[in-house]
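Novice: Protein chains in written order, with this note's numbering: chain L, 53 to 314; chain X, 8 to 372.
If you're looking for bench data, these hints aren't it; they were derived computationally from the structure.
Glycine included, C-beta positions come from ideal geometry on N, C-alpha and C.
One thing to keep in mind: the hints can contain errors.
What the hints assert, rightly or not - Restraint ranges, calculated between C-beta atoms of paired labels, are given here:
#1 L:155 x X:190: 36 to 42 Å
#2 L:250 x X:131: 35 to 41 Å
#3 X:184 x L:207: 18 to 24 Å
Claimed, not checked - To give an idea of the chain X side of the interface with chain L (calculated C-beta under 8 Å), a few residues:
#4 105
#5 270
#6 274
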Amino acid sequence: MTVDRVVNGFARGVFVFLYLPIVAVIVYSFNAAGTNTRFEGLTLQWYVELFQDAALMQTLQTSAIVAVITATVATIIGIMFALGIARYRGRGRASLLALIALPLIVPEIVLGVALLSVFSTTRIPLGIGTLVLGHLIVSLPLATLVLMSSAVMLDPSLPEAATDLGCTPWQTFTRVYFPLLRPAVVAAWLLSFTTSFSNIVMSTFLSGVGSTTLPLKIYSSLKTGLTPTINALGALLILLTLVIVLLVGVTQMRRILVESRG
Amino acid sequence: MNTQTTSTAASAVEIQGLSKEFAGHLAVHPLDLEIRENEFFSILGPSGCGKTTLMRMITGFETPSAGRVLLGGEDVTGVPTRNRDLNMLFQSYALFPHLTVFENVAFELRVRRVAKSEANRRTREALELVKLGHLGDRKPDQLSGGQRQRVALARAVVSGPKVVLLDEPLGALDQQLRKEMQYELKRMQREVGITFIYVTHDQEEALTMSDRIAVMSEGVVQQVAGPEDIYNKPETRFVAGFIGSCNLLDVTVPEGVEGDVVTVPLDGIGAVRGVLGETVTHERTGTLLLRPERIEVHRDGDGIEGTVETLTFLGEEWHLHLSVGGRLIKASLSSLVKERDLPGLATGDTLRLSWRPQDARIVVR
Chain L
53 MTVDRVVNGF ARGVFVFLYL PIVAVIVYSF NAAGTNTRFE GLTLQWYVEL
103 FQDAALMQTL QTSAIVAVIT ATVATIIGIM FALGIARYRG RGRASLLALI
153 ALPLIVPEIV LGVALLSVFS TTRIPLGIGT LVLGHLIVSL PLATLVLMSS
203 AVMLDPSLPE AATDLGCTPW QTFTRVYFPL LRPAVVAAWL LSFTTSFSNI
253 VMSTFLSGVG STTLPLKIYS SLKTGLTPTI NALGALLILL TLVIVLLVGV
303 TQMRRILVES RG
Chain X
8 MNTQTTSTAA SAVEIQGLSK EFAGHLAVHP LDLEIRENEF FSILGPSGCG
58 KTTLMRMITG FETPSAGRVL LGGEDVTGVP TRNRDLNMLF QSYALFPHLT
108 VFENVAFELR VRRVAKSEAN RRTREALELV KLGHLGDRKP DQLSGGQRQR
158 VALARAVVSG PKVVLLDEPL GALDQQLRKE MQYELKRMQR EVGITFIYVT
208 HDQEEALTMS DRIAVMSEGV VQQVAGPEDI YNKPETRFVA GFIGSCNLLD
258 VTVPEGVEGD VVTVPLDGIG AVRGVLGETV THERTGTLLL RPERIEVHRD
308 GDGIEGTVET LTFLGEEWHL HLSVGGRLIK ASLSSLVKER DLPGLATGDT
358 LRLSWRPQDA RIVVR
């Protein structure tokens, strides 16, 4: 009984620790006082300032563009990797898998330095392009692994059946592979998106003048002190995440419910 | 378009010198085979005999190392699977899990852009054929194994292909359902009038359903014949041993003899009579094939003497193992005959064995 009670209390504590900062960010985004140390009533002032802060909005835009391109490219390449490897049973399969997962193990800072030296020797200007390339290195393995776990579950006869029933390779993809992998595709895209959106290490090395990302901007603003506009931005991002999770969650739940019916 | 017509119109599939080599090993030796229109044709053999490879070369999933595949008289060797007028029923059924039963069956018609009303009508007909018209809205994972099998069959025949290939389709079903499906498959094949090529390792399935059977072993077609001839007139030792139960007795075939009844010496037993399957020009070692149910046993009279070693009751019949001159020979006896002619039969009894010469076939392969 006492053990149960301790475990119960501990679990509650973990939840408080996880969610208290998030709640705090939201509460302080409405704080009339200009600092995070005391609370002086409600205001929407910081939200107004947030949308008037052109520099901050610029970094948000950069982050969003980079994250969307990264997530899309990583998902497309990930699908190809996953389908290829799921069907490939020959020699070197294990080493191929290890090669794909390698960027997850190598410290990001090493990859960042390496990429920067590549770009500077080849005189490729830093900007959104280099950011995307850098973020791809960290998000591609994630996307591939997520997609592969779904791809290996598919009956290898399915593509043969599609071919037999008249499908070209592209039709096999659109009519069979893609619908069956769709949940994994959504998961891989979202995972790649958030990985890119919140990335700091790669971005530190690879962002150029005028292509500062949001996390970099927030990090650098620490030096001048966190303004409540950052809280407002944080609250909006949390809201956005919540909406996406709910949307994905609801469609997933519906799928599960439909499939378990009967 | 390559349209070399070298066959008569009545052949659905013609295979000419087809072979497949995997890493220096011949999985399918060069072979010729003709499968007629509207035929229920089985390719029978143990696992690893090359039957699946042969089937995959007919569908186009596997590229032959040599030889040609003709479909309806047309060379399709280089034609991709999707353009071959044949469909396959996969062992795993390979139903698309994200589509309903109706959508699965309609799949090919939609891919091939058949007009919607026409496609729907034919899909409904195919579902009626397999008696699943009422389950069109279900997803495959809401069906039983037998129902999935029917959906897969409906999907394979819906476009009216020239040939349907079935890859061990009854393997995943339980015994009772297998029997039922054997008759169902045969009925549906007659109803749709499509050539079925049925690949199986189950000799009973092949015997009950097929018009003709090709028995394969180690990449070689051993014999092609109707079920009765495959069973009663096996041409090789392998065919006799693989299909049903058979006594395989080593004999030496003297040269020069042919055709009719010959007498060959059998070690430890003496001269026995049988029919020779083919002309032998040199003295060769052969096998005398003798089905257990073709052996008559008596208390006395003519015949070879044997001692009952084991006696097993199987319901409609009894199985006997008889020791004859140091060899063990299998014989079977219907329950009626045993009760009537051999009351009180027990192990250790001495019996006389005899058979008609035409029931003992001698083959040299």
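Novice: All the hints need checking, so say for each whether the structure fits it.
Specialist: Evaluated hints:
Checking the proposed 36 to 42 Å range against residue 155 of chain L and residue 190 of chain X shows it is violated: the Cβ atoms sit about 59 Å from each other. Checking the proposed 35 to 41 Å range against residue 250 of chain L and residue 131 of chain X shows it is violated: the Cβ atoms sit about 53 Å from each other. Checked against the hint of 18 to 24 Å, the pair residue 184 of chain X and residue 207 of chain L passes, with Cβ atoms roughly 21 Å apart. Residue-level restraint check for residue 105 of chain X holds (minimum Cβ-Cβ distance to chain L is 5 Å; threshold 8 Å).
Because the beta carbon of residue 270 of chain X sits about 54 Å from the nearest beta carbon in chain L, more than 8 Å, this interface hint is broken. A hinted interface residue such as residue 274 of chain X counts as satisfied when its beta carbon comes closer than 8 Å to some beta carbon of chain L; here the least separation is about 50 Å, so the hint is violated.
Figure legend: structure checked against the earlier numbered hints; hints not met, in rising order: 1, 2, 5, 6.
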